[in-house]
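Taken in order, these protein sequences are the chains called A and B. In this text, residue positions in the first sequence follow the numbering used here: the first is 1, and each later residue adds one. In this text, residue positions in the second sequence follow the numbering used here: the first is 1, and each later residue adds one.
Just so you know, these hints were derived from the structure itself, not from any lab. Hints are supplied without guarantee of correctness; some may be wrong.
Stated by the list, open to error - Reference listing, derived: stretches of chain B covered by chain A, where coverage requires no fewer than 3 residues with Cβ under 8 Å from a Cβ of chain A:
#	segment
1	458–472
2	584–596
Stated by the list, open to error - Taking lysine to any residue and the SDA-like style, the derived pairs with C-alpha atoms no more than 20 Å apart in a straight line are:
#	chain 1	residue 1	chain 2	residue 2
3	B	605	A	271
4	B	495	B	419
5	B	491	B	400
6	B	491	B	156
7	A	54	B	561
8	B	495	B	28
9	B	486	A	116
10	A	154	B	448
11	A	289	B	456
12	A	148	B	448
13	A	183	A	28
14	A	154	B	536
15	A	289	B	448
16	B	605	A	272
17	B	605	A	263
18	A	148	B	372
19	A	148	B	454
20	A	148	B	536
21	A	148	B	451
22	A	148	B	456
23	B	153	B	401
24	A	148	B	534
25	B	582	B	568
26	A	262	B	600
27	A	50	B	562
28	A	54	B	562
29	A	50	B	564
30	B	33	B	156
31	B	486	A	62
32	B	605	A	265
33	A	54	B	568
34	B	486	A	60
35	A	154	B	451
36	A	148	B	371
37	A	54	B	566
Every residue gets a Cβ at the ideal spot worked out from N, C-alpha and C, and that includes glycine.
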Amino acid sequence: MTLNIIFVILYFIFAPLLGGLFAGLDRVVSARMQGRVGPPVFQPFYDVFKLLGKQNFTVNRFHSYYLVCYLLFAVLNGAQLYLACLFNADDILFVIFTLTLADIFLVMAAYSAGSPYSFIGAERELFQMLVAEPLLLITAFGFYMATKSFDVVKIYSADHMLFLSLPGIFIGFVFVLTIKFRKSPFDLATSHHAHQELVKGLTTEFSGPTLALFEIAHWFEVVMLLGIVFLFFASSPLLGLIITVLTYFATILIDNTYARFKLHLTFEVAWIATLILGGGNLMVLYFLKLVNG
Amino acid sequence: MLDGNSFLVVFLILFPLLPALLLLMLRAEKAVKIVVNISIAVMSMAAITVAVIFVGGITDFISLSHHLDMLITLGDIIIALVFMYLARNHRSMRYWIPLLVIPQYSAVIFFELTGKIPESSSTFFIDNLSIIMVLIIAIVGGLISIYTPGYMKKYHEEHPEIKDRRHIFISAVFLFFFAMFGIVLSNQLTWIYFFWEITTLCSFIMIGYSQKEEAVRNSFRALWMLLLGGAGFAAAIIYASLYCDTVEVTKLTAAGKTAALIPAVLICFAGFNKAAQFPFSSWLLGAMVAPTPSSALLHSSTMVKAGVYICIRFSPAIHNTACGTFLAFIGAISFFAASAMAISQSDGKRVLAYSTIANLGLIVLCAGVGSYLALWSAILLIIFHALAKALMFCSVGIVEQQCGSRNIEDMHGLISRMPFVSIMMIVGISGMFLAPFGMLISKWSVLEALANNNPILPIAVILGSSLTLFFWSKWMGTLVAVNEDKTDIEKGIGKSIWFPLFSLSALTIIVCAFFPLIGAVLIEPMYGPDFTVMGRGHIIMVTIMMSMVMFLPVGFLINWRNLIHVTPYLGGTNVSDPNRFKGSLKEEEWTLRNYYFENYFGEKKLLKISNIAAILITLAFLTIGWFL
Chain A
1 MTLNIIFVIL
11 YFIFAPLLGG
21 LFAGLDRVVS
31 ARMQGRVGPP
41 VFQPFYDVFK
51 LLGKQNFTVN
61 RFHSYYLVCY
71 LLFAVLNGAQ
81 LYLACLFNAD
91 DILFVIFTLT
101 LADIFLVMAA
111 YSAGSPYSFI
121 GAERELFQML
131 VAEPLLLITA
141 FGFYMATKSF
151 DVVKIYSADH
161 MLFLSLPGIF
171 IGFVFVLTIK
181 FRKSPFDLAT
191 SHHAHQELVK
201 GLTTEFSGPT
211 LALFEIAHWF
221 EVVMLLGIVF
231 LFFASSPLLG
241 LIITVLTYFA
251 TILIDNTYAR
261 FKLHLTFEVA
271 WIATLILGGG
281 NLMVLYFLKL
291 VNG
Chain B
1 MLDGNSFLVV
11 FLILFPLLPA
21 LLLLMLRAEK
31 AVKIVVNISI
41 AVMSMAAITV
51 AVIFVGGITD
61 FISLSHHLDM
71 LITLGDIIIA
81 LVFMYLARNH
91 RSMRYWIPLL
101 VIPQYSAVIF
111 FELTGKIPES
121 SSTFFIDNLS
131 IIMVLIIAIV
141 GGLISIYTPG
151 YMKKYHEEHP
161 EIKDRRHIFI
171 SAVFLFFFAM
181 FGIVLSNQLT
191 WIYFFWEITT
201 LCSFIMIGYS
211 QKEEAVRNSF
221 RALWMLLLGG
231 AGFAAAIIYA
241 SLYCDTVEVT
251 KLTAAGKTAA
261 LIPAVLICFA
271 GFNKAAQFPF
281 SSWLLGAMVA
291 PTPSSALLHS
301 STMVKAGVYI
311 CIRFSPAIHN
321 TACGTFLAFI
331 GAISFFAASA
341 MAISQSDGKR
351 VLAYSTIANL
361 GLIVLCAGVG
371 SYLALWSAIL
381 LIIFHALAKA
391 LMFCSVGIVE
401 QQCGSRNIED
411 MHGLISRMPF
421 VSIMMIVGIS
431 GMFLAPFGML
441 ISKWSVLEAL
451 ANNNPILPIA
461 VILGSSLTLF
471 FWSKWMGTLV
481 AVNEDKTDIE
491 KGIGKSIWFP
501 LFSLSALTII
511 VCAFFPLIGA
521 VLIEPMYGPD
531 FTVMGRGHII
541 MVTIMMSMVM
551 FLPVGFLINW
561 RNLIHVTPYL
571 GGTNVSDPNR
581 FKGSLKEEEW
591 TLRNYYFENY
601 FGEKKLLKIS
611 NIAAILITLA
621 FLTIGWFL
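The following block holds chain A by itself, in its conformation from the complex (with noise of 0.2 Å):
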């Protein structure tokens, strides 16, 4: 029971920690990318400090409840996967239902901000988590291929590297990361510069602590996801943990690599990715099970 509770607030403590700290390297290394200095890498966690004494701009009343939801599903999110062993059977399917049920009501924030910038930018969210959603319950999917259990303790805990039989579906992992990462090529929905064609998008309308919030569910969603590419390796966990910093490089990379993609070909190329690589990967694994018996 102890150890639980000492489970429970280590998870409180560290998660939005380390997704502070990420969001904080991301700028620096971004900004070395670009030849500036950029700020300290606490930057983030004295933004958010700063954001929540600032005063509560709001369209509607509704709207800033709607992050206060937002931010609590983050956080269950990343306590069915980290907290997974005080669940005696906690599904990695709940996890992603969890992560999609979180970003609906982000979505729904900006829905009902009546600003059309917002609006465009919820719709455009919306369209990316379609576009994302397939390969996320593939990654699922293929964990319970791989390992016979939807069962998140018994994917951690399984004998062989999981990586070596779900290469394609952990390259479709890391390629829709960028999608939830919101970041460029996929920063269709609002992106970290305000000088676009959406403004801020989707959050265009939060301000204050209500930007706050959006940050710190963030930080949770990250360390979430980090996490299932942890999964990935979790047979040898020093390796695991270096691939998934190595992981939130590259997408760093790609950040400041790539332009902007249109809607359409977001779509597409996602599709496609997800078909060729979640559904080979898939197919191969069912194959290979039918010859071995």
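Following the hints, complete the assembly by docking chain B onto the known chain A.
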């Protein structure tokens, strides 16, 4: 003779005929309402009592006199004549309908009259699946029929050009209940066939209600398509009496694969035809011309549910055969293609129709896969879909009456104009796709059920469910958008409309909250004592999510004090009206429209391909059984 419990079952089946006859004669609005309400009260009480008495893991049988089979024969003759009479004046159908009716009915009636149909030991049977269906028909169907008189009154006020034939409509509703109870409780194929064709007749009456050109055309399209499915049923009866030596459902499904494969295939054909799977989807889409209560009925508790019920019933007979795989593929195509096409639709009712086809596709897919877990998900899907779809149709119907449009674009900001109805629609939409509500639980279990199969099916389910996510959230987003138009247009909605709406939303939530219980009491006993789906961990997880989803929305009611209200950013100078702004040149107005992605998901693109694919698979499904 009959004991009390069996009598109750017979009463439940026959009772709806009484209000059906009464309502055919009554015209006074008040009297109609009273008769409807009392009948529904009696019917649902009877259904609940039947459920309480017969619930358990075993199948109970009820035998009536064999002489009653004569009545069914007589009924078949009458229905055949009615079908041909209905088509007498229609230019093309006057030949086509008899061409469909005469062969199937003459064969069945010939067999019945010459005593070639094997005698059955029981007339009705009742197990947990029948109980679930009975409850859905009586309660969901009942709520829709309470909704009907109020809706129809307004419908005729708005459409004075349409001849007032309300009494026929409401009477057909009750005839529908009679037929549906008959389908889910009868044990002989000949009886089911009789009831089966009554539902066809009822939907024909409802679709053609307005007698406008389009309505008549669609009603005849539905009629011939459904008769084609009925032909499958007739063929199954003939084959079963010639080669299987029984026409009892329970014996056929227990007979093992080789014995009952052909009749099971034919019946499943009739089943997915009635469930509007591709290539037969167009009858259900055409049915949208009918007044909304009939859509609610056809989509949620009756008609299409009879189709998927029969597929689930006969699933054990085709389990683990190539036929089962083909049936699953028909379901998969319908699920994927219908979900995709729903994205390109802006008419609320059409979106609902495509989503019905999609969800039924998922159920048919489960029936084709046929493992216990798949059937468990299929039955849960039936329950959740019935509730959420009935709620959605009733809400859209009332929105259409209050704002004069059922286009989703016109529902922009509906939450400020019709708060209660919008919240109910949000409950319905969440019930259709969001975790931890019902539909998603079923999708979760479908994926788990498919986990050991060929990956093509799971990929189709995954892609399809991502597509559903898009069109539902887009609709929900349109509803919750807040705009300046805050005129309350909920006034004038009568009690007979509010009651079913509230009850359906409450039931949607309650059933979602207690579904592990429903699974444990109603579904799992059918598949043996060791069969449990939800582990303790799953239940904990679902409970946590459920309570968050239930209690978090309370925060929306609180008027947070610390907020400073501003107008949205518009990239120019805001003027007093938030739908206008001052750009660099002049004052401009903006409006918002959703994405439809016609170039990917348009009907033009997808309908033909999916129909051709589905026709090929259907042909394979029908023929391959003969070679096994």
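Outcome of the hint check:
{"no.": "1", "hint": "458–472", "in the structure": "holds (count 9)"}
{"no.": "2", "hint": "584–596", "in the structure": "holds (count 4)"}
{"no.": "3", "hint": "B:605 x A:271", "in the structure": "holds, 17 Å"}
{"no.": "4", "hint": "B:495 x B:419", "in the structure": "holds, 16 Å"}
{"no.": "5", "hint": "B:491 x B:400", "in the structure": "holds, 14 Å"}
{"no.": "6", "hint": "B:491 x B:156", "in the structure": "holds, 19 Å"}
{"no.": "7", "hint": "A:54 x B:561", "in the structure": "holds, 15 Å"}
{"no.": "8", "hint": "B:495 x B:28", "in the structure": "holds, 18 Å"}
{"no.": "9", "hint": "B:486 x A:116", "in the structure": "holds, 19 Å"}
{"no.": "10", "hint": "A:154 x B:448", "in the structure": "holds, 15 Å"}
{"no.": "11", "hint": "A:289 x B:456", "in the structure": "holds, 15 Å"}
{"no.": "12", "hint": "A:148 x B:448", "in the structure": "holds, 11 Å"}
{"no.": "13", "hint": "A:183 x A:28", "in the structure": "holds, 15 Å"}
{"no.": "14", "hint": "A:154 x B:536", "in the structure": "holds, 16 Å"}
{"no.": "15", "hint": "A:289 x B:448", "in the structure": "holds, 18 Å"}
{"no.": "16", "hint": "B:605 x A:272", "in the structure": "holds, 18 Å"}
{"no.": "17", "hint": "B:605 x A:263", "in the structure": "holds, 19 Å"}
{"no.": "18", "hint": "A:148 x B:372", "in the structure": "holds, 18 Å"}
{"no.": "19", "hint": "A:148 x B:454", "in the structure": "holds, 15 Å"}
{"no.": "20", "hint": "A:148 x B:536", "in the structure": "holds, 19 Å"}
{"no.": "21", "hint": "A:148 x B:451", "in the structure": "holds, 9 Å"}
{"no.": "22", "hint": "A:148 x B:456", "in the structure": "holds, 18 Å"}
{"no.": "23", "hint": "B:153 x B:401", "in the structure": "holds, 11 Å"}
{"no.": "24", "hint": "A:148 x B:534", "in the structure": "holds, 17 Å"}
{"no.": "25", "hint": "B:582 x B:568", "in the structure": "holds, 13 Å"}
{"no.": "26", "hint": "A:262 x B:600", "in the structure": "holds, 15 Å"}
{"no.": "27", "hint": "A:50 x B:562", "in the structure": "holds, 17 Å"}
{"no.": "28", "hint": "A:54 x B:562", "in the structure": "holds, 11 Å"}
{"no.": "29", "hint": "A:50 x B:564", "in the structure": "holds, 18 Å"}
{"no.": "30", "hint": "B:33 x B:156", "in the structure": "holds, 16 Å"}
{"no.": "31", "hint": "B:486 x A:62", "in the structure": "holds, 15 Å"}
{"no.": "32", "hint": "B:605 x A:265", "in the structure": "holds, 18 Å"}
{"no.": "33", "hint": "A:54 x B:568", "in the structure": "holds, 18 Å"}
{"no.": "34", "hint": "B:486 x A:60", "in the structure": "holds, 13 Å"}
{"no.": "35", "hint": "A:154 x B:451", "in the structure": "holds, 16 Å"}
{"no.": "36", "hint": "A:148 x B:371", "in the structure": "holds, 17 Å"}
{"no.": "37", "hint": "A:54 x B:566", "in the structure": "holds, 15 Å"}
Checked against the numbered hints given earlier, this structure breaks none of them.
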